[in-house]
Every structure is written in C-alpha cells, then in structure tokens.
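Throw the hints in and build the complete structure from the sequences for me.
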Amino acid sequence: MSNSPAAIIDEQARADLEQIEIGLLTEGIYKHYGFDFRDYSLPSLRRRIWKRVYAEGLSTVSGLIEKVLHDPQSMERLLLDLSINTTAMFRDPTFYLSFRQKIVPLLRTYPFVRIWHAGCSTGEEVYSMAILLQEEGLYDRCRIYATDINEAVLQKAKSGIFPLSTMQENTSNYITAGGTGTFSDYYTARYDYAIFRPSLRENVVFAQHNLVTDASFNHFNVIFCRNVLIYFNNALQDRVQQLFLQSMEMFGILGLGKKESIKFTTVADDYETVDAEERLYRRVR
Amino acid sequence: MGARARRDSNGGTGSSELPPGIRSWTDGRVLKEAARDYQLVAIGCSMGGMAALQTIFQTLPKDFPLPITVVQHRYRTSNEGLPQFLRRHSKLNVVDTTDKEWIKPGTVYLAPANYHLLVERGELSLSVDEAVAYSRPSIDVMFESAADAYGSGVIGVVLTGANSDGARGAERIKKRGGFVVAQDPATAESPAMPQAAIDATRVDRILPLERIGPFLVELCRGSEFHG
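If you read the protein sequences in the order shown, they are chains A and B. Throughout, the working numbering is defined as the position within the first sequence, counted from one, plus 36. Throughout, the working numbering is defined as the position within the second sequence, counted from one, plus 1407.
Hints were generated in silico from the structure; no laboratory data involved. Computed from a prediction, not measured in an experiment: that's the story for all the values here. Take these hints with a grain of salt, some might be off.
Quick list of in silico lysine to aspartate or glutamate cross-link-like pairs, DMTMM-like style, CA-CA up to 20 Å [what the hints assert, rightly or not]:
id: 1; chain 1: A; residue 1: LYS138; chain 2: A; residue 2: GLU313
id: 2; chain 1: A; residue 1: LYS87; chain 2: A; residue 2: GLU102
id: 3; chain 1: A; residue 1: LYS299; chain 2: B; residue 2: GLU1530
id: 4; chain 1: A; residue 1: LYS87; chain 2: A; residue 2: ASP117
id: 5; chain 1: B; residue 1: LYS1498; chain 2: B; residue 2: GLU1487
id: 6; chain 1: B; residue 1: LYS1498; chain 2: B; residue 2: GLU1631
id: 7; chain 1: A; residue 1: LYS192; chain 2: B; residue 2: GLU1537
id: 8; chain 1: A; residue 1: LYS67; chain 2: A; residue 2: GLU102
id: 9; chain 1: A; residue 1: LYS138; chain 2: A; residue 2: GLU172
id: 10; chain 1: A; residue 1: LYS103; chain 2: A; residue 2: ASP117
id: 11; chain 1: A; residue 1: LYS299; chain 2: B; residue 2: GLU1631
id: 12; chain 1: A; residue 1: LYS299; chain 2: B; residue 2: GLU1508
id: 13; chain 1: A; residue 1: LYS87; chain 2: B; residue 2: GLU1631
id: 14; chain 1: A; residue 1: LYS299; chain 2: B; residue 2: ASP1503
Below, the structure written as structure tokens:
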C-alpha cells in the first residue's frame, strides 16, 4: 500500500481519467437510449456506476461503456442501479404528521384534488399517502399520479406487495405519523410479504415519466418529490423545479425531502413556507 | 469487538518504514505537513462519538480556517438533538446539512440522520442509497467522496466506534495523498473503529483524544479554504 508521491500523482491521473469516462458513459447512454444522467450529482453517480462495473465483472468505467451500449439488458441493470431510491412507508413520519395537520384542512376546501408523486420509486410513500387520505375521508376526491423514470419499479409499486420484514419499521413510522387506525388492517400477511389493500390504489395512476427529459402533463394541487432531487446537480434541480412550477396550481403545495430546500433554486420566491422543518411549501405567485 | 485487530497497534511500526517528514506515529509535533494547504477536515465516529466530538470541538477556535464534515452514526429518526448538543460545546457554526449546501470555512456540517453525506467541490450532497456496512450515514461514503473532491487537501479523523466503518475511506484518503489521524484506541470508548483504520492504512498520526483538537489547529494553521 504505497502512498509515495509518485503513486499519489498516478492516483490523481486515474481520477481525472475516471471523470472523462463517466462523462463519455452518460453521453453515450443519452445519445443511444435517451436517458439523461449527464446532470446527476457526481459523487452518488460515481458510486452507483462503480457498483455496476463490479457487478458486471468489469474493472473500468470504459468497460461498462462498451457493455451497456451493446447489451440492452446490462443497460436495464444499470438503469435500476441509477434510479432506485430506497424508501419506507411514512418515511420521515413527522412530514406526514405535518401534512395531516397543516395541509389536509386546506385540501378539504377543494372539490377535487390532483396529487403528483414524482419519483415514487417502489411506491411505499404513495400507499402511505393513500392511507392518510383515506383516514381523513379525502381519498374519494383525490387522484394520485405516481410517476417514476423506471418501469421496473413502477411494476413493483403497482403490485402493492412489500417485504414483511419492513413492517415493523413501517408500523412505528405510521404511529409517529399520526395514524388513526391499526396499520396491520391495511395489509394481509402472506409468507414473507405484506399485500396491501387494492382499495388503496383505486385512485392512483402509475405512469412512467422522466423528470429530466419529459414535459409537464397536468396541473396539480399537490406535488411530492422527496429525496429524488438530491441526486441531481444544481442546474438540473433548477430545471425540474421549473417543471414543477409549470405544473402547479396557484396555492398548490410542494413537499420535498427532509433535507432538501428550495432556498438554493430559482423558484425560491414563488413559494411561501408552510413548514420549514418538514419542507412543505405553498405556491404564491 | 475488534477480534480482527492485529497485535501491532499503537505505532509499533519499525521506524525504517516511516515516510519522509514523519519522525514517529505518535509524535504530536507538526512537521512539514503544516506547510500544506488543507481544504477540509472530515471526522467519523460512532459509539462514544458524542463525548469525543465534544472534547475536540471545545478546543477549536471560532476562526478555524477550514470546513469540517462529521458523520456520527445516529438513529434514523433522530433530529435536532445532536446539532443542538454540539452547538453548546463549540464556538463554530454547527449545521445539520441540507442538500447542495455551499461549504464555508469555520462551519461544522453534520450528516443528517438516515442520509449519506457526500462531498463535492464547494458543496455537499446527500443520498438515500443503501446503508454501507449497516450504516447510513456511512463514514466510508463521506471519506471517499471527500478524497475524490479535494484529493490531498483532506484531513480524515477516525474516532471511537464499535465497527470498522471509516477504514476503507481512510485508505482512499491516504491513496489520494491526504492526511489521516486515528484516535489512539487505548483512549477510545470503543477501540474497534480507530483500530480498523490503523490496520487498513498507514495513518499519519495516532493521538489520544484530548490532543486531536489542538493538533488539528496546529496542522491547519496556514491553510486557507478556497471553496
């Protein structure tokens, strides 16, 4: 494990080359497949790419370029690595508690509520919101559009089947989130899985949508995009925030992840803060 | 705990193997390294870390010239408790990091509960990728990204902890020419973590806890943060 000056210079050269390779990979994927990862935040992107490099039995990013451009199935696998965001039901329970206390009363005044859950991944938080809205008696006049870039995770989300092993965490989140019922009433345990009530997805539309390359497709009263923008660089975050603004009704609600902020984006002045800690904002212009 | 730890701990390396400019592993005096321009201090700790961080931060002056990033393993729903605690014991500005926050000198950036903290040039990113070695935040993830962003400008500090998180990251920091300090395992509430770093790479210093803060002040004297 030599860390001599010469070895450190070699290491720097290797890192510079890696950056070139990552640029070539994302450019190639964009031109050939149309998925645009060019403005993803570099450190996470780098980790995820290397995970795939090793999983494919390769040793360089250049090797992965050849592989994914000539083998669509390996592209599918890379796409999963680059786009799956791990989540849990009622992730950050206090967010849901705040939504229940501060946003639900506003929504009660609307005859019909359109909700866009952008980047819904495997759907845990979509089912969470459906449960919350059912308990508040609002679900029947809501329609939730749950979108993700990745078709494979959408299939999972549609199924409403989640590992039973996660139910302990989910139940404790549900309670902290102000759940008014009994969490186990919402699913049936079968072998190692929890199968959620089909009624929870009655008013949910699952659809593929790419935040980076697709346009606005409706106007919404509520938009959730939680822990998705953290994977984007500043320029791309701005673009996606503009897309949300175009898709947002006046006085519509934006809900971000616990550690995401609109403070650093160009839409900061278009929203007022409803709950700073829970990242709930309301469009005011 | 620490079952894998080798017997040659506490700087038992033969002096002939020491790199140029370093007289001994436990020598607290700063030699040539202080002439270097460091950019970032990254601190990792786990079990026993609260008290260790308190000890270090009490000794850092308000005008400490560099930013400091910290991963302390914490429960996934913990909130403002840790930043509040550290604010009480530090003259520095302590924040629970928000995504894409700009890095400023004299500020302590904590990895939020249930997120990885990643360092980019000039700013910080978060991720909810899987836990690494059962940890999110992971010290390895922070160290590795810091080494990628700031190369030889990184000072990594591995403190008390009952696992081996941070060892791989410390290795990466050393590979990129950075500086690594490990808490002397004998002074750690849980010795496994600093020991794992010592076993994984040739750390620059092994120091008792109370000397780490003053050492960092000394080491960073003359460094200026460029962003």
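Check each numbered hint against the structure and report the violated ones by number, ascending.
11, 13
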